[in-house]
Structure formats: structure tokens, C-alpha cells
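So the protein sequences, as listed, match chains L and V. The working numbering numbers the first residue of the first sequence as 1 and each following residue consecutively. The working numbering numbers the first residue of the second sequence as 1 and each following residue consecutively.
Hints in this document: simulated from the structure, not taken from any laboratory. Honestly, I wouldn't trust all of these hints.
[As the list claims (entries may be wrong)] Simulated crosslink set (DSSO-like; lysine-lysine; CA at most 30 angstroms straight-line):
#1 L:Lys283 with V:Lys39
#2 V:Lys283 with L:Lys239
#3 V:Lys39 with V:Lys18
#4 V:Lys245 with L:Lys283
#5 V:Lys218 with L:Lys283
#6 V:Lys302 with L:Lys218
#7 L:Lys302 with V:Lys18
#8 L:Lys283 with V:Lys18
#9 V:Lys283 with L:Lys302
[To be verified] Some residues of chain L that are not near chain V, with every Cβ distance over 12 angstroms (derived):
#10 Asn72
#11 Phe194
#12 Pro215
#13 Thr237
#14 Thr249
#15 Glu277
#16 Asn298
#17 Gln308
#18 Gln314
#19 Tyr320
[Said to hold, decoys possible] Residues of chain L placed beyond 12 angstroms of chain V at every Cβ, according to the derived structure:
#20 Val24
#21 Ile100
#22 Lys126
#23 Thr186
Since we're looking at a predicted model, the values are computed, not measured. C-beta: ideal position from N, C-alpha, C; glycine also.
Number of protein chains: 2
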Amino acid sequence: MIDQKEPDNPVSAAVDPKEMRAVVLTGFGGLNKLKVTKKPMPEPQRGEVKIRVKACGLNFLDLMVRQGNIDNPPKTPLVPGFECSGIVESVGENTKGFEIGDRVMAFVNYNAWAEVVCTPLDFVYKIPDDMTFSEAAAFSMNFVTAYMMLFEVANLREGMSVLVHSAGGAVGLAVAQLCSTVPNVTVFGTASPFKHEAIKHSVTHVFDRNIDYVPEVKKISPDGVDIVLDCLCGENTGKSLTLLKPMGTYILYGSSNMVTGETKSFFSFAKSWWQVEKVNPIKLYEENKVIAGFSLLNLLFKQGGCNQVKTAVQKLLSLYDQKKIKPVVDSLWALEEVKEAMQRIHDRGNIGKLILDVEKSPTPLMANDSTETSEAGEEEEEQEEDNDNKERMPFIQ
Amino acid sequence: MIDQKEPDNPVSAAVDPKEMRAVVLTGFGGLNKLKVTKKPMPEPQRGEVKIRVKACGLNFLDLMVRQGNIDNPPKTPLVPGFECSGIVESVGENTKGFEIGDRVMAFVNYNAWAEVVCTPLDFVYKIPDDMTFSEAAAFSMNFVTAYMMLFEVANLREGMSVLVHSAGGAVGLAVAQLCSTVPNVTVFGTASPFKHEAIKHSVTHVFDRNIDYVPEVKKISPDGVDIVLDCLCGENTGKSLTLLKPMGTYILYGSSNMVTGETKSFFSFAKSWWQVEKVNPIKLYEENKVIAGFSLLNLLFKQGGCNQVKTAVQKLLSLYDQKKIKPVVDSLWALEEVKEAMQRIHDRGNIGKLILDVEKSPTPLMANDSTETSEAGEEEEEQEEDNDNKERMPFIQ
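Chain L on its own, in the form it takes in the complex:
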């Protein structure tokens, strides 16, 4: 499954122990702001674990980071990425429980897309022997998000119904798998039509993401649904609240509608904030509804929620051991292919998770050098590097 390194590959020929390769975001903007460069090798501080990275997860949120379209964006240049898997290479002081050679997955507050990552042990989890590194990198953010939303925020129980957007995405598939662990749960999903065949066994009903799903859901379930998981934001908030049954829960966990392909005029985060429909608590009172937001990264890195997350990870690993859940990997990409990977997730071409495979060599460029299929925020006038705009085929697992 993992590409063999070629011994003469110039990328992997770097052996300076004080350096490592990493994806760097040089400034907020289009795909051309991403480069693979050498960075100083990080060393673990007290309480940190140093991981030789094998695979990194790519999330829609990474596109928003690239555009600077998040609250309080950090300073650039930065190394993006919030999750990875790999092997413990060394440990700092006070890192009880981890040893060199342990196979692990980890949350990282940026800096995941690199050959080596150091992160506090609270964010590191040992992985089962039969879990591949790609699976592990596809596991942490998406399954924990799905689990905590369904079971901690919304209290999913037997007989309930769930609506999830981007049902073919990594969170959507995780939601569907977790719903199948509870008896008699109906899953409504929206997805691009070409994914319907692939996901028809994981969701009960699937709708075209380009049509209005509200009347479609109501045709099947006139009373609405118990849980709506919304990664789109914007007008979906009001529509979703309409669809909720009494005692139902709406959870906003992303805002991918705020990512745009327009070249110059990104929606700013501040503008998006004001455009979202606000909710009157008295309306919730009258209608017996629950509205929630869930951001795993804020919980982990701003709000000290690592113990709550740890509990969720333990339950998820138990479900994995019981073969009740299994991450779906869409495709593997070399670090150098991060732009193509981002383009694919922007175009919603993926079914499951996109993985940056640190040991993978870039697939040779194709003769066709067009990238005009879509614009994931590319700034056209800055096409400095020709090679980077040539098209590569995804390496489908």
C-alpha cells in the first residue's frame, strides 16, 4: 500500500540529522503559498514525545487555515497540519507511558505535515498493531469529532435519525460507521452524485448535495430528524433547525461554505461571522431544540479538553478492535503533492480521508499541465513555479 522509496530519490536523500522536510505555508492565500522545504529538526521538550512521522491527515480545515479564514490566524510562515501517525523516536523528560519505537497517532497544534513532530504526551495515543499508519492518520480528528458529537453532545440512542452533510467525506463516513453501532439509527446524507454508489451502504438515504435536502428528508421523515451535523454553516443553520425534531440537536462543526474558490475575494472570517443566522434562545425554548458547536482543535489546544478526548479515543480504539469501525482512506499523497491533495478535497473529489504519506515519492507529473479544473484559492498571477501547477493523478489506495 505504501510506495517503495527509490534509493536515488533526491527527496529522501536528505540525511542531515539536524534538518527535516516539512510543508510550509509562506503566507495566507492560494495553493502557491505551500512549499516543501527543509526546517530545523525539532527536539522534544519536557513532557513531549518526538515522532518520526509516517502519515498525516488532511482536513477541510487546512484549506481554511491556508486562506487565513479562521479566527485569530497564527503568523506565517507556518507548518500546517493537526494530526499525524508514526513511530516514537525519542521522548523528553516526564513522558511516562511512551517508549522509543511505539507506534502512535497524535494531535498537533500545527506542524503535523513534517517528517518529525514533537507534541505533548497528552495528545499522543498508541495505536493497535493491525492499524496502518494511514488509517491512524485518518482516525484521530475525524472519528473523535464524530464520536463526541454523536455521543457526548447529542446523546445518540436507539431509533434516532441523523443528517450529515459531506457524507462521503472522512467525518461523514466516520459518522455513518458510528451510527451503525447503535441499533436502528437512520442516517440521511448529502454528497455529490458521483459518490452515491460508493457510500450507499454506509448511509440509509443519500441526497445530491446540490439540491435542497429539506423537502427530500421531509418526504421520508415528515417529523424531521433527531440530530443534524453541519460542516457547512451559512444558510444551513436555519434549514437544519427547521428539520430538527423536538428534543433534536443541531451541531455546527465546520464552515466549509466559507472556503471559496474565488481568486481575490476570500470571505473574511469576520464577514462570515456576521452573515450567519443568529439563534434566539426563546425559539429554542418554544421548539425544544438544542444548538451546539463542536471544534475538536479548540477543545484540545485552547480549552484543556485532552482528558475528555482521551476517553473518546479509548472508546473508539475499542470499537476498532471489535472491527466495528475502520477509517476509509481516499488517497495517499507525497508532501510535495499537498497542492493536488488540497485541490481534490476542495473539489470534493474524495471519498474518505486524504493522507500525506511522508515516505511516498511524488507521482510523476502528467503531460497535461493544466490546473484549470477548479480554483482552490489559487492566485493566478503568482504562478511562479511551473511544476507546481502541473497535474498529478491521485494515488488511490
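Position chain V against the provided structure of chain L, taking the given hints into account.
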């Protein structure tokens, strides 16, 4: 505990089987809009149970109904009251499960404050032999509200913390009792100072309702609380959200701040609606917070939630049998004393539930005929009936 009827009491001398006594609200407004009059005896329709009422619950919501300060108020004249207990006197067709003589408690969509009530069997529950009728009338709305908020909306678990306003009120005491069924739950309560001594064993920390509780809670729990139960509305929404821990839940279940004692200028429901601070879902996303509303009456009578409520009642009756919960009755009042009872709940003089005891005779009027202690919406110029404005002492259980 229950006053003996005096044989020559003119009120209970009415024996016309086609009539019953009931409290009638003649129009929206002050206390003087309430009268006790004769009404035609209701008969059970198909699926309904006819109950000879022994006791009725009085809730803060009844004050809002009296003022017309609710969404879509019904037409007057009407008989107020949403809950009662009593004995099944007859049953309509298709009322399997109930027999004449059963001791029951019931939810009623208005019309509870009467000698006889008919209501669909879905809203009627048999009560344990050792539960008094007063306890039963104090049980249904408040314990079900407390239970569903804590365990179905908010998912209360070991080690969590809960803030409840009006901790000496009937819901507040129910919340405290239910919290004590879960290990290691901290309850913060607000209440008038004179109640602190009485409720100090049911809540962990109690604050004066007239001071800002936010810094007081933060002194004890700098991270905030897991669950806020708000029956006040208004500025409390924003303050409560501030106090929530990440993954915490705020539940609005009433809006008693909207009840005012001003004689002429009630807040209208519409005005209150706009004055409440609206919540941006993106803020919930960033802060990992949950905001919910809970209205048991809407769930029961507008949203078809009687099965969900039935499940909650069964669990609560089981807790009652285990002696883990027990309704606290503040005082018993004759139907004719409904104004004094309403004045007492308006003045927040009660600790626990106010009960209208249908078989109780009015306590003799006191020499002091002043009602100037406070104004529960009394319209002063309409003091038509002198007797009704004289003061009675509450019958404390």
C-alpha cells in the same frame, strides 16, 4: 395535612352533578381576573380519563398565562392549570390501563384548576400508594422538567457541576435532588437570602439571587460549570454562556424575568423576544458550547412528545420508590385562595411547590386587608371585590 371540610361550608355544599367548581381567568391581567365559579361538569371523550381532582400544581408559568405573557395565548375566559392529581372517576372508550378509583397524576393542557378534569390517557400516570395527592401534584411538571433537562438534554454525569436559579423553587429543589442521584455533582444555586438556611443541604453552594452570581461561581470554580439551567431569561443568557465550561450546556426553561409587577405596563411577549440576546452558532463552535431550550408543555401538547415524557416519568417513579427523590410542598391553598398563592410565588416567598388543594376550605381572612406588600400584576383601579384583596396566611404543610 389536608383541612377537614366543614359540613356547612357553602362552597362545598354544591352537589349538582352537572356542575363543578373551577378557577376561571376572565381576561389577561392582574390577580383580579381570577374567580372561582361553577362550570359545566366535563365528561370524558374517547381516549380520555375523568379525574376527580384532589390537588393541582401552581407554577410560575401560570402567572405568565394570567398576564397573557406567552406565545399565542389562548382565548379567555379559561380555566388555568397544567397539572393535577386525583382519583379516576370514569373513563371514555379506549382507555385501556385505567380503572375507576385509580390514584393518578396528570398533565392537562389548561383546565387543571377545577374539581374535575378530563384529559387523554397519554397524559395520565398512576401514582404509588405512598405518594400523597399533594406530592403527586408537585411531581409531574417539575420533576419531569428537571429530569429531562439534566439527563436527556444535558447528559449529566459523575463529577459535573450544575448552576440552577431559583434553587428554592420547585424545579430548583427537583434539580438538586436529581443531581444527588449522580456521584460527585456540585450544585450551585441562587435564591433569596431567607431561603438559604432551608436549602443549604440540597445545594452545594448557594448565592443571593440579588447579587451577580458570575464572580461568585468563578471564585469557587474558575473554569465555570458544566450545566446552567435558566428559568430567568434576559441578561442571564449571556452571563450563563460565559460561565459554561467547554462542552457545557445552557438550557433555558422559563422566562420568569418577563413577569413583572408593574401595574399597567406588562412586558409583552413580542417585546421580550427581541430583547433576548441572540446566539451566533459560530461562537458556539469556537467555544464548544451547547445552548438549548426546554418547554415540557410544548413538548407534550404541541409536539407529540408524550412517549418521551412517559419514559422520564417511569424513571422518576422508580427513583421515588427508592426514596431518592421526594417532592417538597411549600403550602396548600383552597381554590378561592389562588390569588394569595400567586402573590406568594410572585414574591418568591415559597420553598418548594404551591398546591391548590381542591378539598381545602379557605383560611379565614385576616383583619389586615392590605395587599400592598407587592404587586403581582394587580390592576389597582379594578378592586371590585373587597374580600379578594384581603390577606390570608398561607397554610404551610
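So, going through the hints one by one against the coordinates:
As the CA atoms of Lys283 (chain L) and Lys39 (chain V) are separated by approximately 35 angstroms, the hinted pair breaks the 30 angstroms bound. For the suggested pair Lys283 (chain V) and Lys239 (chain L), the alpha carbons sit about 19 angstroms apart, so the restraint of at most 30 angstroms is met. At most 30 angstroms may separate the alpha-carbon atoms for a hinted pair to count; Lys39 (chain V) and Lys18 (chain V) meet this at roughly 8 angstroms. Between the alpha carbons of Lys245 (chain V) and Lys283 (chain L) the distance comes to roughly 23 angstroms, so the proposed pair stays at or under 30 angstroms and holds.
Annotation: proposed proximity of Lys218 (chain V) to Lys283 (chain L) holds, straight-line Cα distance about 29 angstroms (limit 30 angstroms). Between the alpha carbons of Lys302 (chain V) and Lys218 (chain L) the distance comes to roughly 19 angstroms, so the proposed pair stays at or under 30 angstroms and holds. Taking the CA atoms of Lys302 (chain L) and Lys18 (chain V), the gap is about 68 angstroms. The hint is violated against a cut of 30 angstroms. Distance check on the hinted pair: Lys283 (chain L) and Lys18 (chain V) sit about 42 angstroms apart at the alpha-carbon level, beyond 30 angstroms; violated.
Of the pairs offered as hints, the one joining Lys283 (chain V) and Lys302 (chain L) holds, with about 14 angstroms between alpha carbons and a cut-off of 30 angstroms not exceeded. Once the 12 angstroms rule is applied to beta carbons, Asn72 (chain L) is inconsistent with being away from chain V; the minimum gap is 9 angstroms. Distance check for Phe194 (chain L) against chain V: the nearest CB is about 29 angstroms away, which clears 12 angstroms, and the non-interface claim stands. Every C-beta of chain V lies more than 12 angstroms from that of Pro215 (chain L), the closest at about 21 angstroms, which supports listing it as non-interface.
At the 12 angstroms boundary, the C-beta of Thr237 (chain L) falls inside the reach of chain V, the nearest C-beta of that chain being 5 angstroms off. A cut-off of 12 angstroms between C-beta atoms contradicts the statement that Thr249 (chain L) is not in contact with chain V; the least separation is 8 angstroms. Against chain V, the non-interface label of Glu277 (chain L) is violated: not every CB pair exceeds 12 angstroms, the least being about 8 angstroms. Listed as a non-interface residue, Asn298 (chain L) fails to keep its Cβ farther than 12 angstroms from every Cβ of chain V; the least gap is roughly 6 angstroms.
Under the 12 angstroms C-beta cut-off, the non-interface status given to Gln308 (chain L) relative to chain V is violated; the minimum distance is some 6 angstroms. Against chain V, the non-interface label of Gln314 (chain L) holds: every CB pair exceeds 12 angstroms, the least being about 16 angstroms. Against the 12 angstroms criterion, Tyr320 (chain L) stays outside the reach of chain V, whose nearest CB is about 23 angstroms from its own CB. Non-interface status of Val24 (chain L) relative to chain V is upheld: no Cβ of that chain comes within 12 angstroms, the nearest being about 26 angstroms off.
Non-interface call for Ile100 (chain L) relative to chain V: holds, since the shortest CB-CB distance, roughly 34 angstroms, exceeds 12 angstroms. Residue-level check passed: Lys126 (chain L) sits 25 angstroms from the nearest beta carbon of chain V, beyond 12 angstroms. Taking the minimum C-beta to C-beta distance to chain V, about 17 angstroms, the non-interface status of Thr186 (chain L) holds against the 12 angstroms cut.
Hint compliance for this structure: hints 1, 7, 8, 10, 13, 14, 15, 16 and 17 are broken, all remaining hints hold.
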